[in-house]
Structures are given as C-alpha cells and as structure tokens.
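Since the structure of chain A is already known, use the hints to place chain B on it.
Number of protein chains: 2
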Amino acid sequence: MRIAVDAMGGDNAPEMVVQGAVQAVAESGIDITLVGDEEIIRAALGRRSDTRSIEIHHCGETVLMDESPIKAVRMKKDSSIRVAFDLLKRGRVDAVVSAGNSGATMAAGLLNLGKIEGIERPALASIIPGDKGRVILIDVGGNVDCRPIHILHFGLMADAFSESCLGLNDPKVGLLNIGEEAGKGNEQVKTAYKLLQESSLNFVGNVEGQDILSGQVQIVVCDGFVGNVALKLAEAMAENVSRRLKDDMMDSLLGKVLAMFGRSFFDKFEKTLDYAEYGGAPILGINGVGIVCHGGSSARAIKNAIMMAVDYVEKNVQDRLAVQVSELQTVSS
Amino acid sequence: MRIAVDAMGGDNAPEMVVQGAVQAVAESGIDITLVGDEEIIRAALGRRSDTRSIEIHHCGETVLMDESPIKAVRMKKDSSIRVAFDLLKRGRVDAVVSAGNSGATMAAGLLNLGKIEGIERPALASIIPGDKGRVILIDVGGNVDCRPIHILHFGLMADAFSESCLGLNDPKVGLLNIGEEAGKGNEQVKTAYKLLQESSLNFVGNVEGQDILSGQVQIVVCDGFVGNVALKLAEAMAENVSRRLKDDMMDSLLGKVLAMFGRSFFDKFEKTLDYAEYGGAPILGINGVGIVCHGGSSARAIKNAIMMAVDYVEKNVQDRLAVQVSELQTVSS
Numbered sequence: 207m208r209i210a211v212d213a214m215g216g217d218n219a220p221e222m223v224v225q226g227a228v229q230a231v232a233e234s235g236i237d238i239t240l241v242g243d244e245e246i247i248r249a250a251l252g253r254r255s256d257t258r259s260i261e262i263h264h265c266g267e268t269v270l271m272d273e274s275p276i277k278a279v280r281m282k283k284d285s286s287i288r289v290a291f292d293l294l295k296r297g298r299v300d301a302v303v304s305a306g307n308s309g310a311t312m313a314a315g316l317l318n319l320g321k322i323e324g325i326e327r328p329a330l331a332s333i334i335p336g337d338k339g340r341v342i343l344i345d346v347g348g349n350v351d352c353r354p355i356h357i358l359h360f361g362l363m364a365d366a367f368s369e370s371c372l373g374l375n376d377p378k379v380g381l382l383n384i385g386e387e388a389g390k391g392n393e394q395v396k397t398a399y400k401l402l403q404e405s406s407l408n409f410v411g412n413v414e415g416q417d418i419l420s421g422q423v424q425i426v427v428c429d430g431f432v433g434n435v436a437l438k439l440a441e442a443m444a445e446n447v448s449r450r451l452k453d454d455m456m457d458s459l460l461g462k463v464l465a466m467f468g469r470s471f472f473d474k475f476e477k478t479l480d481y482a483e484y485g486g487a488p489i490l491g492i493n494g495v496g497i498v499c500h501g502g503s504s505a506r507a508i509k510n511a512i513m514m515a516v517d518y519v520e521k522n523v524q525d526r527l528a529v530q531v532s533e534l535q536t537v538s539s
Numbered sequence: 207m208r209i210a211v212d213a214m215g216g217d218n219a220p221e222m223v224v225q226g227a228v229q230a231v232a233e234s235g236i237d238i239t240l241v242g243d244e245e246i247i248r249a250a251l252g253r254r255s256d257t258r259s260i261e262i263h264h265c266g267e268t269v270l271m272d273e274s275p276i277k278a279v280r281m282k283k284d285s286s287i288r289v290a291f292d293l294l295k296r297g298r299v300d301a302v303v304s305a306g307n308s309g310a311t312m313a314a315g316l317l318n319l320g321k322i323e324g325i326e327r328p329a330l331a332s333i334i335p336g337d338k339g340r341v342i343l344i345d346v347g348g349n350v351d352c353r354p355i356h357i358l359h360f361g362l363m364a365d366a367f368s369e370s371c372l373g374l375n376d377p378k379v380g381l382l383n384i385g386e387e388a389g390k391g392n393e394q395v396k397t398a399y400k401l402l403q404e405s406s407l408n409f410v411g412n413v414e415g416q417d418i419l420s421g422q423v424q425i426v427v428c429d430g431f432v433g434n435v436a437l438k439l440a441e442a443m444a445e446n447v448s449r450r451l452k453d454d455m456m457d458s459l460l461g462k463v464l465a466m467f468g469r470s471f472f473d474k475f476e477k478t479l480d481y482a483e484y485g486g487a488p489i490l491g492i493n494g495v496g497i498v499c500h501g502g503s504s505a506r507a508i509k510n511a512i513m514m515a516v517d518y519v520e521k522n523v524q525d526r527l528a529v530q531v532s533e534l535q536t537v538s539s
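Residue numbers (our numbering), protein chains in the order written: chain A, 207 to 539; chain B, 207 to 539.
Don't take each hint at face value.
Identical copies carry no separate label here, and so any pair may be met within one copy or between two of them.
As the list claims (entries may be wrong) - Cross-link-like lysine-lysine pairs, in silico, DSBU-like; alpha carbons within 30 Å at most:
(1) 378 / 452
(2) 277 / 396
(3) 283 / 396
(4) 277 / 400
(5) 452 / 462
To be clear, the hints were calculated from the coordinates, so they are not data collected in a lab.
In isolation and in its complexed conformation, chain A is listed as follows:
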C-alpha cells in the first residue's frame, strides 16, 4: 500500500509532515510518496536512514493556507495537493493525506476524483473523543449555507462510515440544534429534521452542543459552519485545559511536587483530551480516500492520520460507503 502525503501542507510543513511520514513507515511498513518541492523535502528528510519506503514526487507549486480554496486549486495545477490527488486518480497511490488548506484539499479531491453517486456535497467528518467513545461530527469542513438535503446526506455518509470503519452498528444520529424539542431551531434544521425522520437512519432527534461529547448519539450532523466552529472550540478547550494544568503546576511548590509524583497520572488524563490521537478527518463523499489534518498538526498527528488512511483502505471503506449510501438512499426515498 502506498499513501501520498502532501509534504507542503500545514503550518509546520515540511518538517512535521516528513517526520510523521517517517514514523508511519517505521510503524507499519507501508510505502509513502511525499508530494512537493523535492529539494525542500530532501532537506527535511536530512540524513535519516529509514527512508527506503519513502519516495518523493516533485511538483513546483503549493496552495497557501490563506488562499481561496477553489480558485487556488483551479489555478495551481502543479500544486502538491492537486498532484497528490492526481496520483490517486491514476492509481499510483491508495490514499491522500494533507495538513494543508482544508478547503483546497476538499476541492482538489472533488475535482480529481468526483463525487459518490447521489451525494451533492462531500463533507469532512471529524472524530471527537467523547465521554463514551468516539463521536462523528459532520460537516466540519465548511460547507456553509447547506440545504437540508445536504445535512441528510451527511448523516447517510457518516452512518455508512461508522459501520465499516468505527465498528458501530446502527449508530444513533442526532441533529445539532439549540434545543431538544422538535420544531426548535432555524429554518434549515427544521426541514432537515423532517428529512432525517423520514430516512432509514437511526435518527433520535435534536441534540445540543453538549451532546457532541455526551455519548447520547454517535453521529452529530450539522451545517459546516456550525460544525467548524464547534470543532475548533472543542480542540482549543482540550488543549487549553492541558496547558492550564501544566501552568498551574509550575506556578506553585505543591503543583511541582504533584507533577513530579503524578506524571503517569497526568499523562493518562491528558491523553483523553488529545485530539491528535485521532489523526485526521476523512473527506466523505468523494471517489477515493482523502484525509485532512489540522494545519498545526504534530508529527504524531500526521502519523496517526496516515494510519487512519491505511485502515480506511484496508477495510475497503470507500466501496462500502458508496454501496451503503445508495442502499440507504433507496430506503429513504
């Protein structure tokens, strides 16, 4: 198996990306194609000896984090993210992982691979470390001004994804809203509620902000605007809490003593808050495996995202997704 990794994508590219790729190779024995400026990638690889399974595919352009995604992807045909998905289209690699501009990653995936039949808008599914296990929050990728039918599609895709990839059978689906009662919310969610209710999904109704974590449902569907805000807030809170705990410790003698004796305890606690543990977020709805990582991903987060892509390919999630979506839609319609 070979995974294409966008070596130029992310705030810490190419160093962290290359490090993550090296770690993934060491851990799993897969092959990796680093896509980007060869000279820069070679410098980042340095004198590492463990790079036999890593090849470099040179390209001359990069989509920057603040560029307009669709425009940049259309214009920059030799950008690392477009070239990576092009390799996937040509069957040279099995999946793409990128920590670059997430809108551009989605756009490049869509442009090169096309959509799964029946899906109007691909979406980004984030895996949240909830109180009672993983929760899929979809869309977090910035599909703004969604129509209600798109929210239904997000549910269908997440349902198919969760069964094959997370081992969840008939997961409960909740619609993110401002109250539990039917009839709450804006016009978009009121209509989405009806569509979800009429679908074959195990739809349990509206859920609220706290239920992204509570475990009441395993899938939370929402407009990409709300999902994006929620994800970034949750990530920031998890990170801040860990940092505050450390800062507080270094602030007092008691804290320092606790830190010294309680290291294993605090490490374990922090891990439950660690979003990097879950690697990246899959793009659901395109004809191929694409994983989007946080722009600020650490080497470990990149490595975990690559491992997620490997798992995704091994379990043949992509084909199952297409089949299940078409079956679910037949039942729904």
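Okay, now just chain B, sitting in the frame of chain A:
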C-alpha cells in the same frame, strides 16, 4: 435594592433557586422577591431563620422548560416569569433573575419592558472564562435566522455593556466565522462583516471557534444558533474535564494519593473552568435588567447571577447601554 427571582424556573427549582436567594441575601444585604407558588416556596424555605429580607409574591402558573416560549408567555399571564417582569415594569423590583425556560424569559422581558430604541432583537450575552480574562459571546439566546444587521446590533450592545460592566475600554470585537480571511463564511456573516467594518466598533475581523477563549478579542458576535451551540459545548467540556480528572483520580491509588495531597491545587484548577462562577447571562436590548441562568444552575450559580444583577443595577448599566447604543448607532449610520 430588590431583585425578583423566578422561584419556579430551572431544573432544580425551587430548592436551588431558594438556596441561592438565601445565600445572596446573606452575602449582600439586598432584598429579594421570590415569585411563584407560595406554598411550594414556603416549603423550600423551610425553617430558615435568615429570610427576613425575602418576600414571596404568589402566582399560580409556571412556564415549563420544554414549552414553546412565545406561546407560553402569551398564554400564561400568571406565570412566575411574566409576573416577575411585571413587578419590574411597575417599579416594585430593580431586576429579574430566572433559571427557567430562557426563550420564555427573553420573551417575557421583551413583552413587559419593550426594546431599547434602535435595537431590533434583544440578545443573550454570555460571559466566557477565557484564557486572558472574560470574553462576551453574543448572541447565545437562540435568535436564529438573524439578519446581518442584528449581528451588528449584538456588537453595539456588547460594546456598551462591556465598557460599563466589565471595565473594558474599547474592547476588540470579532465576528465568529470559519476562517480569518475576509470573504469567508456564509452569506449572513459576509454581510455582517461589512456592517461591522463600517461601524464605530473596534472590529478586528473574523475570528474562529478557538478565539472564543483565546483572548484575541473581548467580544465575539454571532448568530444565536451558533452561539448557543458553542456555549453549551464549552460548558459541557469544562464540566467534563473536571469530572474526568476526579474519576481518573478515584480510579488509581496514585490518583487517590494525589487527590489527598493536592486538594487545594485541584480546587484552584477547577475554578478556572467553572462557568457557574460567572452566574447568569444578561439579556441585552430590553428596557430593564434581566439575567438568565442555566436551567441546571446550582445555588451558587443562582447567587452569583443575583449578584450580577445587583452590580448591573448599581452601575446603572441599563441607562448607559441605551445612551451608548444610540451614540454608537449615530456614528455607524
């Protein structure tokens, strides 16, 4: 000064509400009118001796948590929340505090007191314990399907509120969005961006989910749908982290030892995550002081919300708000 407290409002009413009122009286020497079913309130007050400053105003109805706010407020003329705002309108009390149905509380305030001139939609301002001090998030009250002008108004009100009440001079205002660059987001925020930019506010541009905490801005404006989801998520995360820390401690011998020796440390840490510390959320934009508390408020949260109302009245925030909003709007238009 006399504060009306909706004794029937909230998941833990009347017990927690009455306890909070008793604590507030003990702490500050103010007078309180508990509004609700006299018999039930008397039972909750029990044999407490410290109730001289507390009077009961009987009424026969209650708006339930899951009732449709506007309908319930219109129909139930003798409900505790309507009667409380009626007392405020008649000058019998100086402010209203309720942990009941927040939509109904806003609707009752609006119905009884009317809006500040120039404001189309009153909003709920939540005070978030951010990394670098308090941040005002507005609207969290469920003004869904907001027009861009409403989001501008939220900014104007929060600006006026922060100067007089939180001691913030010329606070930075950010628009909650899915990216920092201008031109990001849905149609609503794109237009709101322009209105904010043309206003007299210290508008710094778009901010993302993480900036609700980061301290990059002191005011975050958004549609009530997004704000409500974000607030509930943040509250839940803060609570969960504290609980996970405790659970983890009780799970291991090392944790138990740490808990025993580190109690003062952990108490301090938890306090930084404690949303109840900040009491309630003021309704901005109505002609009077109304504070909304979380439905699940503890006695301490109720007490803190009452103290916030007292502060709000003492500093004459309401008049200042009206003046500043009109001044800001003159500059804006």
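Structure-based check of all given hints:
no., hint, result
1, 378 / 452, "between (36 Å within a copy, 28 Å between copies)"
2, 277 / 396, "between (33 Å within a copy, 18 Å between copies)"
3, 283 / 396, "between (41 Å within a copy, 29 Å between copies)"
4, 277 / 400, "between (35 Å within a copy, 22 Å between copies)"
5, 452 / 462, "both (9 Å within a copy, 19 Å between copies)"
Comparing the model with each numbered hint stated earlier shows that all of them hold.
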